[in-house]
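*Asks:* Residue numbers (our numbering), protein chains in the order written: chain A, 1 to 232; chain B, 1 to 436.
Derived by calculation from the structure, the hints in this document are not laboratory data.
Treat the hints with care, since some could be wrong.
Said to hold, decoys possible - Example chain B residues on the side facing chain A (calculated, C-beta under 8 Å, incomplete):
id: 1; residue: T204
id: 2; residue: D333
id: 3; residue: V336
id: 4; residue: F412
id: 5; residue: H429
Every residue, glycine too, gets a C-beta built ideally from N, C-alpha and C.
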Amino acid sequence: MSYCVNCGVELEKGCPECPLCDTPVINPREKGDCAPKSVYPEIINIPKSLSKKYLVFVLSLVMLIPNLVLIVLNIFVFESSVVKYIVGGFCVAWIWFLFPLLWKKQIPVISLGIDAVALLVYLHMFKIYGDDNGWFSSIVLPVVIALWAICNLFIFWLKKPRSKPLIAIAVLGAINVMSFVIEICMNMFYNGKLQITVSLVMTACCVSLMIFFAFLEKSRRLKAWVSRKFFM
Amino acid sequence: MKKKLPLRQREWYKLDNAAKVFPGQNSSSWSNCFRLSATLTETVEPELLEQAVKKLMPRFPSFDVRMRSGFFWHYLEKNPNGAPPIMEDIANPCQRFKWKENKGYLFKVYYYENRISVEFYHSITDGFGASRFFMTLIAVYLRLTGKNIPNGDAVYDIEEAPRAGELEDSYSKNCHSKAKAKRLQKFTYRFKGERLPKHFLNVTTGYMPVSAVKEKAAEHGVTITEYLAAVLLWTMYNLQKQEENNKEKHVGIQIPVNLRGFFGSETLRNFMLCYSFQIDPKMGEYTLPEIIKLLSLYLRYINNEKELQAMMNGNMGIERNPIMRILPSFLKDFGVSMVYKVAGEKATSCLLSNVGVMKAPKEMEQYIEKLVLVMGPAMINGARCGALSYKGTLAFSISNIYKSTKIQKEFFTNLIKLGIPVKIESNRHLIKGGEN
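Chain B extracted, bound-state conformation (with noise of 0.2 Å):
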C-alpha cells in the first residue's frame, strides 16, 4: 500500500456525478456495492484466475484504481499494486469496501468451488460496465484453462487498448438541459424488523425461466423489468396492509436505468439513474393489475431523453452549485452521510436494478451453469434486488438486512401464485449463527 507511482505515471480520474456520492456514503460497515457470480462447470482454479485478472488490468484502467481523498473532491489514482488479492468465497457477502484494504482495490475477487465472484464498489462502474469486465475476467480464465474463447458481445479484446470513450464522464459529456427535474418525492413505507448483526446479508435467489416471465409481462403488454417492479412494488404493499396499527405509507421502488442507450455512450464508468415510482394507498386498493399499468405508463412518460437529461442536470447542479465545491471534502463526506442517512432511502421501499440479458460468445457459454447479480446491502430496506437473465433464466436476488424473511418468502411466494415457477437458494442458514 506504501507503494508510489513517480508523479508522471499516476494517472487520475475525476469521480464522475454518480460516484461522487458514494465515498460520503461509505462507513466501517456499509458500502455502496454489488457482486457478480458466475457458476462454471468446473472447479476454479485459484492461480490462474490470479494470472487472469492480472491481465485484464490493463485492458481496464478505470477499474485499476484506487480512491484518493483531495482537498475538495475524492478522486481515483492508478493503483500501483497491480492487482487485487483473489479471495476464498465467504458466506456474508458484500461487505464494506475501505480504501486501504484489498490493496486498495475497489473490486473484490472470490471464488468457491467451481463459481467466481467479483463485487464491485460503485463508485468506480454500474451493472453495465461491471458486466463487461466481470464477462471479460470469465473469459480470459477459461482461455488460461485451455478453451477457445473468441471476443464479442460482454467479452472485450484484452489485446486492444482502452478506448478513450470507455473511460469518459459521460454525465458531463452529456448533460446540456437547463431544466431540472425536481426530486420530491414523499417518504414511503418501508419494512422493519430485527436487522442481522453488521456485515451480515441474507441473499437468496430465484431462478425462474425467462419465457414464463416474458409470456406472463406480455399478458399485459409490459416489459420484464417493468412486470418484475410491479409484483415487487405489489408484495411490499401487501406486507404494509398485513402490519398492524399503520398509518398507510406511500409506497415506492427505484429502478436504476443505463443511459447509455439514449446518449450512444461506451463508458464503462457510472452512467445510469434512478427513477422513483410510488403508490398512495389513500386513494384506495390497488391490484396488481393495475399496479403493472401504472407502473409501465409512468416508466414509457419518463423514459426519453428529455426527462433524463432534465433528471441528470439536477443531479449536476449540487455539484456544480459554487458552495458545494468550495466545501473541503471531509465536510461534503459528512453532509452526504448524514442526508443518506436521514433521507437516502426513505423515499423507496425498495430497488431493483436488472441488467437485462448478458450475453457471452456461444463457445463461452457451454462453460459458465448460471450468472447472477447480487446487490450490496440497504442501509434500511429489506428488500435490494438484482436481476440477470442468462441462458433462458431469469436469476432474481434479495438482498435482506433483516432477520425476517418475509419480503422474499411473500415476493417468490406471489410469482408462484402467478405460475412461475422459482428454485430458491439463499446463504441463510449459514449466516444463522450471527442472527444468535
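Isolated chain A, as found in the complex (with noise of 0.2 Å):
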C-alpha cells in the first residue's frame, strides 16, 4: 500500500499520482508489481440530447400555424397591410435562429451573412409599401453592412483564444464604432451634415470601462477578486 507525502490518504494500489492532490506515488517496493486498477470503468456516456433537426420542425410548425390562420384571415375575413410585415418579420427571426441549427459545420461569414441579408430585404419591404424618402439606401444599408462587417472581423479575431477582459474591450470598441457609424448616418440623412454628439459621450463612457478591463487584464489580485466574486 502507498500514502500520498502531500495529504496523507491511503491510496489504491499502483495509483500513480494522488487524486486529491496530483502529487506523483513513487513506491519502489510497488513498482512493475501491478498494473493499476481502476475502481471505475473508462466508459464516459454523455447522455443524448434533443435532436437539432427534430427542434427545428416543432418551432418551425409553432411558428407557422399563427402565420397560416393570419394569412387566411386576412384573405377571407379582413385584409390589414400589418400582415405581411408580421409574416415578414416570422421569416427573419426563422432565418435568424433556426435556420443555423439545420447547418452541419456553421461559417460564420456566410451565416452572418445570409442573416444580413435576410434583414435587408425584410427592410426594403418597408421601402417598397411605405414612404421612400432615401433612409434606405442613406441608413439601413449602410449600418446593416458595417454591423456585418464589425461581427466578422470580431469573429476572426476570436479564433485565437483571447482573455475575458480583452473580449470586452473588443465588445466596447465595436459598440463605440457602431455608435458612430449609426449617429454619422442619421445626421448626414435628417441634417445633412457631419455633426458628432451622442456617439463622443458614448465613447467616453466605452473608453472608461475599456481602461478599467484593461487594468483587469494587467493586476492578477484584481482578476482574482472579480473571478471569485462575479463567478468569471
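Two chains, two separate frames, one set of hints: put the complex together.
*Replies:* In C-alpha cells:
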C-alpha cells in the first residue's frame, strides 16, 4: 500500500498519483508489481440531447401555424397591410434562429451574410410598401453592412483564444464604432451635415470601461477578486 | 415506451410531499439522484442481474413506476415495460433522469466487474427505501448465482406481497401539527471554481474504520453523523477563510434525517426532512470542538417529534395552498425550477446524508466486500456527501461538480490530522479528459 506524502491518505494499489493533490506516487516496493486497477470503468457516457432537426421542425410548426391563420384570415375575413410585416418578421426570425441549427458546420461569414441579407430584404419591404424618402439607402444599408463587417472582424479576431477582459474591450470598441456609424448616417440623412455628439458621450463611457478592463487584464489580484465575486 | 396497460391495471401513486419538488428541479443536465454500490467477491453476471431485477419488481411496486404529467401534479404510474435495462457502468455517474429514457424507470442498474450499482431518482424513494430495495436486489442476485441467502435485516422476502405501509405517503398520514416551522435561512458561503463539463461528476470515496470515527466522536460525546458533519462544516469554514476578499458569509450544512423512527412508518417512499445548521463567522473564530458542540446541541434540540411535525407542516402547507393547487403542473415546475436555481442551494454550503449501518444477513455479508452511497451532483455546491457503514468500514463519498479537489483534500486531510486513517478511491483520473 502507498500513502500520499502530501495529504496523507492511503491510495489504491498501483495508483500513479494522488487523486486529491496530483502528487506523484513513488513506491519502489510496488514498482512493476501490478498495473493500477481503476474502481470505475473507462466508459464515459454523455446522454443524448434533443435532436436539432426535430427541434427546428417543432419550432417551425409552432411559428407556421399562427402565420397560416393570419394569412387565411387576411384573405377571407379582413384585409390588413400589417399582416405581411408580421409574416415577414417571422421569416426573418426563422432565418436568424432556426436555419443555422440545420447546418452541420457553421461558417460564420456565410451565416452572418444570410442574416444580413434577410434583414435587408425585410426592411426593403417597408421601403416598397411605405414611404421612400431615401432612408433605406442612407441609413439601413450602411448600418447593416457596417454591423456585418464588425461581426465578421470580431469572429475572425476570436479565432485565437482571448482572455475575457480583452473580449470585453473588443466588444466595447465595436459598440463605440457602431454608435459612430449610426449617428453619422442619421445626421447626414436628417441634417445633411457631419455632426457628432451622442457618440462622443458613448466614447467617454466605453473608453473608461475599456481602461478598467485593460487594468483588469494586467492586475492579477484584481482579476482574482473579480473572478471570485462574479464567478467568471 | 409506447406500451399502454388497460385502464384498470394502471395503478398510480400521488407523489409524496418531498417527491413533488424533484420533477420541477429536473433539467436536461441535472437530476436529484443518488447511487448505491456494492462490491461483491465475484464478477457480476449481467444476465443473472437482469433476472434478479425482474424477480424483484412485483415486491417493490413503488419502484416499478414511471413518471407521468397530470394537469395539476406529476404522478407515478405502473410501468408496463417489465424492468429497466441492465447497463455497463460508466465513469461519470449520477447523470440526469429523463422520463422517456431507461424504459421510463426512475432507477438505473449498472454493473462493472464485481460491482453492482443502482442509481435512484429521489422522487421514488429516499436512502432508507433505496437501501432496502438494493440489498434485496443483491440478495436475489446472489441466490441466482447459487448462494443460500436468507431474508432478514435489509433483505425483504420477495415471495411476500408488498405491505400497504410500504406504499403509503407517510407525510400526509403523519402531518397533524398546526404549527409551521420557519424556514428563514441566510445565504451561505459556497465553494466556487471552474465547473466540470455537463454530465461529469468527480466522486471521491474515503474508507475509514468505523471504530476510529466512533472513538473520536465519543471523545466529544456525539454521534458519528454529528462528528462527520461538524468536520465537514469546519472544512468549509476553513475554505472560506483561505479565500481572499471574502465577506465572511454564514457557513451551513444540510443533514437529511430519516423520519421513520419517529413516526413508526415502514414506507419505502420518501419520508425524510433536512435539518439545516449554520454558523456565522462574524461572531468570531470557531474551533472544531466548538462546532461539534454547537452542531450536536442544535440537532438534539431540534430532533423531536413536535419540531419535525412543524417542519413537515411547513412543507405540506405549500402543497395544500389553494393557489398552488390550481396552478397547472408546468407553471409549478417553472416556479420550483426558478426558486431552486435562485435560492435552493444557497442556504447551505454542503450536504451530508448518512444512511447509517447497513445490515445484511450473516450468510450474505461474506459475499459483499463493500457498500458505498454516492450522492448525485449539486447544482452549485461542491460538496454533496454520502456516508454508509458496512462491516466496520465507513465509506464517505464526496460528489463534486468543480474541477478543483480542494474540498475533498481538505476534508480527508482534516480526518487524517484528527487521527482517522483514510483510504481513497476516485474517478478523477478518468474524467480528466472531460476537464480539458
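*Asks:* Of the hints given before, which are not true for this structure?
*Replies:* 2, 3
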